[in-house]
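Construct the entire structure; sequences and hints are all you get.
Taken in sequence, the protein lines are chains C and R. Numbering of the first sequence is given in the numbering used here, commencing with residue 1 and proceeding in unit increments. Numbering of the second sequence is given in the numbering used here, commencing with residue 1 and proceeding in unit increments.
Keep in mind the hints are simulated off the structure, nothing from the lab. These figures come from a predicted structure and were not determined experimentally. Careful: at least some of the hints might be erroneous.
[What the hints assert, rightly or not] So, partial list: chain R residues that the calculated Cβ filter (under 10 Å) puts toward chain C:
hint : residue
1    : G98
2    : A125
3    : A131
All C-beta atoms, glycine included, are put in the ideal place defined by N, C-alpha and C.
Here's the letter readout for the chains.
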Amino acid sequence: MRSEALTPSAAGARAITLRQAILEAIGEAMEADPAVVMIGQDLGAFGGPLKSAEGLFTRFGPSRIIETGICESSMTSLAVGMAVQGMRPIVEIMFSDFLPIAATAIVQLAANLRYYSGNTGSVPMVIRTKGGDGPYRAHPQNYEALFAHSPGLIIVSPSDAVSAKGLMKSAIAANDPVLFIENIFLYNAFRESVPAGDIVVPLGKAATAREGTDVTIVTYGRTVRTAIAAANELARNSIDVEVIDLRTIAPFDEEAVLRSVKKTGRLVVAHEAWEVGGIGAEIVSRVTRKAFGSLVCAPELIGAPAVPVPFAEPLRDVMIPNVARITAAVMRVLPR
Amino acid sequence: MPVGSPRAREWTLEELCGLHRAMVVSRGIERACIEKSGHWYPSLGEEGVIIGTFSQLRPDDAAVPHYRGGLVVPWLRGRSLVQVLGCVTPSQTSPTRGRMYGGFAGGMEFGVMPFITNVLGPNIAVATGMALSFKIRRESRVAVVTFGDGTAGTGEFHESLNMGAALGAPVVYVCQNNGYSISTETQRTLAGKSVADWASRYGMPTALVDGNDVLAVAEAVGNFVARARAGGGPAFIEAKTLRRGGHFGADPGAYMSDEHTRAAEDSDPIRRLEQVLSQRGCEDSRIKSVWATVAGELADAVAKADAQPALTCHDLGLDEIFQHAI
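Structure, rendered in structure tokens:
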């Protein structure tokens, strides 16, 4: 649980950003295993887009931090070739907007290989990308649902620095491909106490970010923090909200979600990505099929409307689940 | 190169007989597959490129064959004919247990990459990545990939050759140019002189060889594999061959020119090697016995593969998507 990991007395804990926590995980994994390499563009003197590879080139050199031309699709297939031959490549797709270029390599190659090869091959590979709205106001699309549809792919998106480090460690150690989405808004937004050395945050396991008894909010990434803020406001009116941070979006921790819904009987799902055909739609579907009897009212789903993410702030801000939208959704599932 | 021309290297009679037998097996496999399905993509007549290329690898080198003709490659590395045929008549004991289209199955246990994507192009990058890992680990292994002239039009072809050259990956790229991309003649959609000309612009040594001369292919591949193994980086070969018939077994290939069809019949790579064998004193009866023996082995393999236990709903493998339950 997050509360334990954040104990101030944890050995060697320092206050670092989510970005630094991810970098720390990659650096430690590369120190520990020469098979771990990173592939992408501008990872050297530039330090990676938004400093996502800061310091790594100096530490590990060009044979471990591999720079290629702009060719997301072939670069990802190249990494699959490396993974098949026993390496553990981390592919840096600069921004989530570029993910569809590499979709064949991710969906039809990396994700399919274990099954199609009759379990004679595997692809231990991490595809890192930065997605979602952020202070930079560019490359904001949230494509996780496109990829969540693919069997064989694990999708992760952390909401805090400790789980960011732990999840990246688990992603690198996994023998299956992991799409690791780093939320741009959260990248340098806060500093949290993160222990030095190994932190284990297993893939496929949700965390209870806030315990509560009245309503369950299931969410991930940036929206976890918005949901907690909403829950704290609602607590002033004696409404006790439980917030489930999925951490792994696909396959999501069905057991944790069902357990919480069975306790509260009321479900709100919230995320930054589009509602149509999205992760939230899948969660609502699963809960209504598997815990219909526990629900006391219809679930609520808060996401983006079906338009591409616009540029202007007033337009963009109304798309994203904010405290007001989440609070209103919680009120809708409560007795009037 | 005409029969009897001077060769780039000496070939022992035993080596020539080995190549001959492998080509006869390749053709036999393809004929058996066409009989099974009109949707099979045959490699008849393209054995010179397939066998000429993949016979020149060490067992620990990575083989990434083109979908057309790839089924024989794991056999070159020890897969039994029953298992080869088992790919196209999937059963509980067949490779991939019926999950992958038979002709695309590869054989990862033999270091042969399957055509996982069912999309042309990515395997050129996969081979480049395999080669790059050999280089990073300072292993003396190489990767060899074959692909068609149609695939040379993909972004992956150009991106991969660029990456392979820039990163100095020990990979040999072989274009199995059979003159047609489904129904489209190669030259109609290829700007420039040739695929080899494109490749040369990426700063790697290239060779344009007669793909129906198995020895010419083997010599070119052997040279470039040795070069890559010694740290010389990537190289490219365009092996010009001729597709015999349509895109798939039941495609009559009505769009193909008479000239192409005649040339394909006239330059059969197996017959051409048999002429070399005759010149080397190999008797006709011995050559004929290879055909007869292989035909018998294949008939036996087809029967055994057909008799394996059929797949059931239990073989769907819902829990074999990930290594661990997630």
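Next item on the list: Please flag the earlier hints that this structure goes against, numbers listed from lowest up.
Entry: Failing hints: none at all.
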